[in-house]
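Trainee: Listed here are the chains, written in short residue letters.
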Amino acid sequence: MLERYSTAASTYAHWIDYQFLLIAVLVGFWLIVAEAVMFWLIFKFRAKDGRPTQYITGEESHLKRWITIPHLLVILCDIVIIVPAIMVWYNIKQVLPPPDETVRVIGQQWAWSFQQAGADGILDTADDIRTVGELHVKVNTTYHFELMSRDVVHSFAVPAFRLKQDALPGRIITGWFRPNRVGTYDIQCTQMCGIGHALMAGRIIVETQQDHAAWLLQNSSPALAGQQVTPGTAAAGLTMAEMRP
Amino acid sequence: MTTEAHVHHPNYVKIWAVLVLLLIVSVVGSMSHIRNVVLIAAFGVALVKAYLVAKNFMHINIEKRWVPYLLIMCLLFIAILFAGVAPDVMKHSGENWSKFPAKQGAVTSGGPATKNE
Amino acid sequence: MSASAKPIANTRSGTGIPTVRLITWWVIASEIVIFGGLLATYVMHRLGHPEWTEAASHTNTWAGAFNTFVLLTSSLCAVLAHQAADAHDGPKAAKMLRLTVLGGLIFLTVKGFEWTKDIHEGFVLSSGGFWSFYYTLAGLHGLHVLAGMIIMLIVAADAAKNQELQRVECIGLYWHFVDIVWIFLFPLLYIAR
Amino acid sequence: MSTEVQHAEPGIFHKYFFSTDHKMIAMQYLFTGMAMALLGGFFAYAFRMQLGFPNQHVPGYGIVTPGKYNALVTMHGSVMIFWVAMPVLIAAFGNFLIPLMVGCDDMAFPRINRLSYQIFLLSALVLLSSFLVKGGPFGGAWTAYPPLSAVGAYNLTPIGATLWLLAVALEFVAFLLGGINFTVTTMNSRAPGMKMYDIPLVVWMIVLASIIFMCSAGPLIAGAVMLLFDQTMSTGFFDPTRGGDPLLWQHLFWFFGHPEVYVVLLPAMGIVAEVVAVFARKKIFGYKTVLYTTWAVGFLSFVVWAHHQFVAGIDPRMANIFSITTLLISVPITEMIFLYIATLYGGSIHLDTPMLWALGFIAEFMIGGVTGIFLGSSGTDIYLHDTYFVIAHFHYTFVPIAIIAVYAGITFWYPKMFGRMLNETLGKIHFWGTVIPFNVIFIPLFITGTAGDQRRVYSYAQFAEQSRPALQHLRTTSTIALLVMLAFQFVFLFNFFWSLRNGPSAGPNPWRSATLEWTVPSPPPHGNFAELPTVYRGPYEYGLPGLADDFLPQSVPDQAVGD
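Chains as they are written, first to last, in the working numbering: chain A, 23 to 267; chain B, 431 to 547; chain C, 1171 to 1363; chain D, 32 to 594.
Don't take each hint at face value.
Below are the DSSO-like pairs computed for lysine-lysine, each with C-alpha atoms no more than 27 Å apart in a straight line [what the hints assert, rightly or not]:
no., chain 1, residue 1, chain 2, residue 2
1, C, K1176, C, K1262
2, D, K226, A, K86
3, B, K485, C, K1176
4, A, K66, D, K319
5, C, K1176, B, K494
6, C, K1176, B, K444
7, C, K1262, C, K1331
8, D, K226, C, K1176
Everything labelled a hint here was simulated from the structure, so no lab data went into it.
Using the sequences and the hints, build the whole thing.
Mentor: Below is the structure:
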């Protein structure tokens, strides 16, 4: 159902879409029933001369069951909804599949910057590729992201991936995604982060293995491969301290 | 006009003496550097003191039943707040997150951050 | 509120608790969540930051203990005032209330000296997590003490004329609550190390 | 000052500005709330115009720059919740109705009541003053997450942020005083014979709302002090580099913020209950059950708050707990709605304007309720969080609460407040002119939300997927619908003020209602009741068999009925 409005480009996108559909069907049904009953009652019991009002306290069991039975069914539907909802959550946010690659995502007013391993495939070495506003990833590859913020609360959101996670200063939050469709997708910041909030856009470019390899080669210098440098996280920590007036 | 349960006043000076005694206990107890002794001296005694004041000075024991329940309900809400907030604010790392620079070590490329369970 | 011209609403007692005492209980309830929220956050920070213990060791236990003693004593005066009010002895109640106010005054004076010392030693509101909480908690509590003292003087003035004696008990209730808050602040800020 | 508590008519100045009469204070709250509502509506107009017709000069406002846009959305949210919904639903109706409905002459503490309004007015003025200061009003969203709200260098509105915080804190104090007063009055000052289950639902619900507010606001007041110190004294309560934690504020805020939803919902539910009972000529179906569900909602509202923070960086394990509690709270709410619908069964329904509004509330609120399920279940919230789906969802709850139910209340009690009837035709025009555009505004926003439109963004130019023309059409549609809806509000304003003088005189009980406030003249005199009533039965005795009239007022003794 969601695909109609927003392309699904990651493996767990359709989990969320199915969950959305399930909820839509169940609550849609109950909404229609409830509204229908209500309007039918309004019509059926509109004021007519000579028809007295019935005196009903609501304690009568033969009437009360018309509330109780549907209500129990609603509770049943609640359970039918909550169980898969938690499963989806568990699989997206709690258990992380083993990563093929790890990228570091740093939010700051008002840009996303990314740090990913260079040709040597190790993070925090001199040949790391640092990009701003643009993240190049391989299709069908499981990525872990380490999310952090330099200043205020941001939120790293990729609608096409059904991915959303706030970036908090002073925290590293790890998550994962596995793009399964080549293309270019929006990165949003969905947490009010100041005057430039609407300008804090980015793009995720999902490439085929070959394209990505080519991009990697021309952006990381093999000479520097393997040389340890201070982790980008330290930088994030520092800037926060500096930026305070 | 009230349900005057206040006809009988206990001997307040005696209660006050007990409270002061407890105060001394807590101070002396805190001098010892055995952690548990300090904690009991500090908070166990505080609870007793609070109970004595509430019971004898505020007459909460002879007040309408629902009043203590109301106050306890407020405390319960605070307990709920604590239970909901502590896992994020008190801890320095949890499932797939950790704080830095407090825990710089947790920042290793790849793999979820260290779990603390 | 002055003694004159109460609406009938004020004189009714559907719960069996006089209206003034009822509102006092509700005020205390709402105060519990305010202090409770602040204390809860302080406690979880304290548990999460063992390193704050060092800062906490700079607080003067003796000053705290003395203040606790002062507040306990003032609570005694407050409850004796209540006893006198029940015996319809307005002047005595007023005297006891004024003694309670004196207690509050001593409390605040001691606090004043304490804080000047801390500040001279360079510990101010912004010098670290513990001190922020130290000043915020004690400050909020101090404000309540101050408010209690002011209301108490007004009540005492009425009580001296044998008016509104039922208020003596209520301001007493409030004072005992403030006392209880301090009973917990003392170990939290001064003893726990 | 004490003279006007005695039942003598005070001088004009005292009567209108320093009155301790609960009816006058109710009017002060009502008109302040209406004024603020116009302001909030204007903000909505300004930023909806920017979204519907990007980067064009907005008539009456000008160009909406990013900074101004943030300030507009922030102020719209704050004003509509803190300075419209609460003063009108709780303070105005509470002050006017509680003493009348429980059958006493005034609030238990009239001066505390007056003080409450004066502090509220002050808070409103402090908020408005932030429009005049350097940097303009606060723009960090009504949730004011630090560090953005704590550090001037981040939000660029250092003074505005502090003023916003002060205003909110003052407003809380005002409603603590008012709420305690409501509670005490209802508990202690009821008419003789009015037992627990003889209290009209609206009184019950306003009181319970006040209690919920009282219990939930405390931690946020503490949080407000901390944030104030972070802003002005450079403390580090919410600063991670100094041992603080930004999540702490989010928790404290939502620990208040979610109960707040029910603080405004319950009075609305109460108003609707009164109106439905009167115009369906029916006893509320299962009065006690409604009450029990209300208590359940009240308690559960304290254990769901973190569903606003699923993706905010809280420990993911907590999300499961809060997801379950969130769906739990849907259980009593569903029951309550079902009972309201069941009340229609066997009645004889008169579709006067108040009833239209009340039924409109139920119909629309159900949509708001069910869409909450999408957001409460953690799985889907990952995608929908902070999108326009959320906006549409909570407007489908808040507009029924703060607009539709309020209109139900005003049109229902207007005769009692001012002694004259509103114009029925204008009322119906206003109803349809409000409810239809309301749906046209927010149904498109559900769609843009599911398409990934994020909140609080003044322009989607930067986002290829969001700047699709199809979505822009939807935004424009909803903006135009908003213009229509706003236009129809002037019908109401005209009706309101025109009827003050020209409406037909109402008489004490135009709707033939059974509760106590209809036994006194309209408008009620100072001191309300000539002699204070005694209560003999519940508030909803309609359609009793074997009676000449189809309703039995609460204060008519049984022997007078003759059974």
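Trainee: Now tell me, hint by hint, if it's right for this structure.
Mentor: Tested hints:
| no. | hint | verdict |
| --- | --- | --- |
| 1 | K1176(C) - K1262(C) | 26 Å, holds |
| 2 | K226(D) - K86(A) | 24 Å, holds |
| 3 | K485(B) - K1176(C) | 31 Å, violated |
| 4 | K66(A) - K319(D) | 26 Å, holds |
| 5 | K1176(C) - K494(B) | 24 Å, holds |
| 6 | K1176(C) - K444(B) | 39 Å, violated |
| 7 | K1262(C) - K1331(C) | 11 Å, holds |
| 8 | K226(D) - K1176(C) | 24 Å, holds |
In the structure shown, a violation is registered for the earlier hints numbered 3, 6, in ascending order.
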